[in-house]
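Peer 1: What follows is the residue order along each chain.
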Amino acid sequence: MNFNLHDLIVLAPEDFLLGATCAILFIDLFLKQSQRAVTHWLSIAALLGTLGLVLADHDPARLAFNGAYIHDTVAAVLKVFILGIVAMVFVFVRRYLAERKLFVGEFYTLTLFSTLGMLLLVSAGNLVMVYLGLELFALSSYALVAIHRDSGVASEAAMKYFVLGALASGLLLYGLSMIYGATGTLDLAQIRQVGGVGVNGLAQHPTLLAFGLVFVVVGVAFKFGAAPFHMWLPDVYEGSPTAVTIFIGSAPKLAAFGMAYRLLDSGLGSLAPHWSQMLAALAALSLIIGNLVAIAQTNIKRMLAYSTISHMGFLLLGLLNATPSGYAAAMFYAICYAFMTTAAFGVILLLSRAGFEAEMIDDFKGLNQRNPWYAFVMLLAMFSLAGVPPLWGFFAKLLVLKAAIDAGFLWLAMIAIGMAIVGCFYYLRVVKAMYFDAPADKSALVLPQDLPLRWLLSINGFALIALGVLWGPLIGWCYRAFGL
Amino acid sequence: MNLILFYVFAAVLVLAALGVIAVKNSVHAALLLVLCFFTTSALWLLMQAEFLAIALVLVYVGAVMVLFLFVVMMLDIKVEPLREGFIRFLPVGVLVAAVMLAEMLMLIGVRSMQIAPPADPAGHSNTAWLGEALFTRFLLPFEIAAVILTVAVIAAVMLTLRKRVGIKSQNPSKQVAVKASERVRIVKMPSAVRDVAAKSEATP
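Order-wise, the sequence lines are chains C and H. In terms of the working numbering, the first sequence opens at residue 1 and continues consecutively. In terms of the working numbering, the second sequence opens at residue 485 and continues consecutively.
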């Protein structure tokens, strides 16, 4: 029960990130607006330093703070990608922020705090830590959505996100309290061990536990943005500045996967047959609603929001398998999805400039004639999202479909394939606009002088092909994380 | 006895909570919310959690709700437009709520809702136990909660602080460093007799 210093060493990445974030918060106070780049590079350095600490730790799985913090390979893999993607997002958004007078220190500190919340969430070992990690992440992202204070759409999006997020947190907390009531413990490993039996001689409450499970699944589905808990997603994606959308759309999906894994497998693994069915229903709804509604969108950010809903349906296909190979497939999918989103939003960020958001599909007309290379990057992102071989997205889809069929959900796999074909329509529409429509403005695209953005975006696009071919090591890492 | 009291307080709590969302006057709603918090603290007292009960009254009733009431009274919210959709969606809402409630009651059963007063481990007072748990077993969550509060402060400042032109703001360091000689300037003027009669003639 006692505190010892060794626990802090296990938490080294989080300690470092928290310290660095507080330091950046203070340093930023004394910087002039012209020196804001210091904050920018310090934030990236903080993320990379944390990444280094995560990678440097080769110790076997262990617990810290009386089981509140789990250090294992699942957490390590998720943390590596969360940190890497957030660092990438920082590079992508700098110019966008600067052109809209949003290049402020708060963007960086809030994003870093949000990242810290995600790291704690994927390492959570008890119910309290799950909730606190989630709140730290969510509270920062509500504020980030509202960062553009004078924009009505952004305020509306922030308000919706905040109210629905608070509601979902309330539901999750209600479920957690029932699980605590049924088992008498907060510790996830103990909850799994005792199931509905109860420690400390409490009466048996299997129904109460199952009841708590329903609320937990609702909370998790909200964080994923799976239908029918997806209402916030399109408005938030469309309303928030693209710089915030790219953040919300990428790394948090990995954190949501971590949270689902911790709660559903580490905690409620004994109820897997029950939640598997619930996730199957959520997956089917997400796939159908996401893909069908996306067809009608003309705003590319909103279209990508609906595409997110359908992709979360795919991710749930892996999760509902409830075996290590299923989890590995879902994790692989989450990582792949995060990189596809950053590529797609990266191109939107690149094309936008002061007073022009490049958020309508029409804005992409004839991009190939104006700038073939970035049209090609967008083409890769769209093909990968649609699941065209040999790109990365295809193999991710293949693995989750295999997981769903292995779990005996053949009907669901059929729906998923049918909907993936429907989904091709709206991804290809963007490609058609870029390659076959005449541009409104025939002049060559004036690219911003932001070389880090251009290089990293090109690498991101290239990664979608490279990992489509060389996906072995990554999936191997995912399998190892789950002990396969 | 405890159980009877529990049900009485629980009934008051539920009714007050319903009142918060059902009454038309927003000041009444805020006052009913005070009643909610108060009853909750009574429930905690029943479970021998004195510290939590008093903290709830002090923090929520004493500080948060008073502030809330101030805001509600100052904003002077028009009541009618807020509840335009209320009657229209009422049947659906009531139906969903009733079905959910019935399901919950059927699933859990009223019996399992009975509360068992927690056993006091080593004769500690509730406050001592809470303090010990917070700083040993729950140290990490406690620290994370502090980080969350920091985020809330940053977000609140970011969303509300505006630097406008022409705003009259104080500069504390200037205020502290000020000297008496800078504050009052004594002007020596030669004394003169005002010509009252001439002035009143000039301005009719």
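Because the hints were derived from the structure by calculation, they are not lab data. None of the values given here were measured: they were computed from a predicted structure. Note that beta-carbon positions come from the ideal geometry of N, C-alpha and C, so glycine has one too. Any given hint could turn out to be false.
To be verified - Listed next, with one range per pair, are the computed distances between beta-carbon atoms:
#	chain 1	residue 1	chain 2	residue 2	range
1	C	38	H	558	35 to 43 Å
2	H	495	C	22	21 to 29 Å
3	C	38	H	647	51 to 59 Å
4	C	52	H	547	18 to 26 Å
Stated by the list, open to error - With a Cα cut of at most 30 Å, we get these calculated DSSO-like pairs of lysine-lysine:
#	chain 1	residue 1	chain 2	residue 2
5	H	672	C	101
6	H	647	C	160
7	H	672	C	160
8	H	672	H	658
9	H	647	H	663
10	H	647	C	101
11	C	160	H	508
12	C	365	C	432
13	C	101	C	32
14	H	508	C	32
15	H	652	H	663
16	H	672	C	32
Peer 1: Hint by hint, note whether the structure agrees.
Peer 2: Checked hints:
1. C:38 to H:558: 35 to 43 Å: holds (42 Å)
2. H:495 to C:22: 21 to 29 Å: violated (47 Å)
3. C:38 to H:647: 51 to 59 Å: violated (21 Å)
4. C:52 to H:547: 18 to 26 Å: With Cβ atoms ~44 Å apart, the hint is violated.
5. H:672 to C:101: violated (52 Å)
6. H:647 to C:160: Given pair residue 647 of chain H, residue 160 of chain C holds - Cα atoms ~27 Å apart, limit 30 Å.
7. H:672 to C:160: violated (65 Å)
8. H:672 to H:658: holds (27 Å)
9. H:647 to H:663: holds (28 Å)
10. H:647 to C:101: Holds, because 13 Å separates the two Cα atoms, which is no more than 30 Å.
11. C:160 to H:508: holds (24 Å)
12. C:365 to C:432: Cα-Cα ~8 Å, so holds.
13. C:101 to C:32: Status holds; Cα separation ~14 Å.
14. H:508 to C:32: violated (50 Å)
15. H:652 to H:663: Holds, at about 21 Å.
16. H:672 to C:32: Violated, at about 45 Å.
In this structure, the hints that do not hold are numbers 2, 3, 4, 5, 7, 14 and 16, in rising order.
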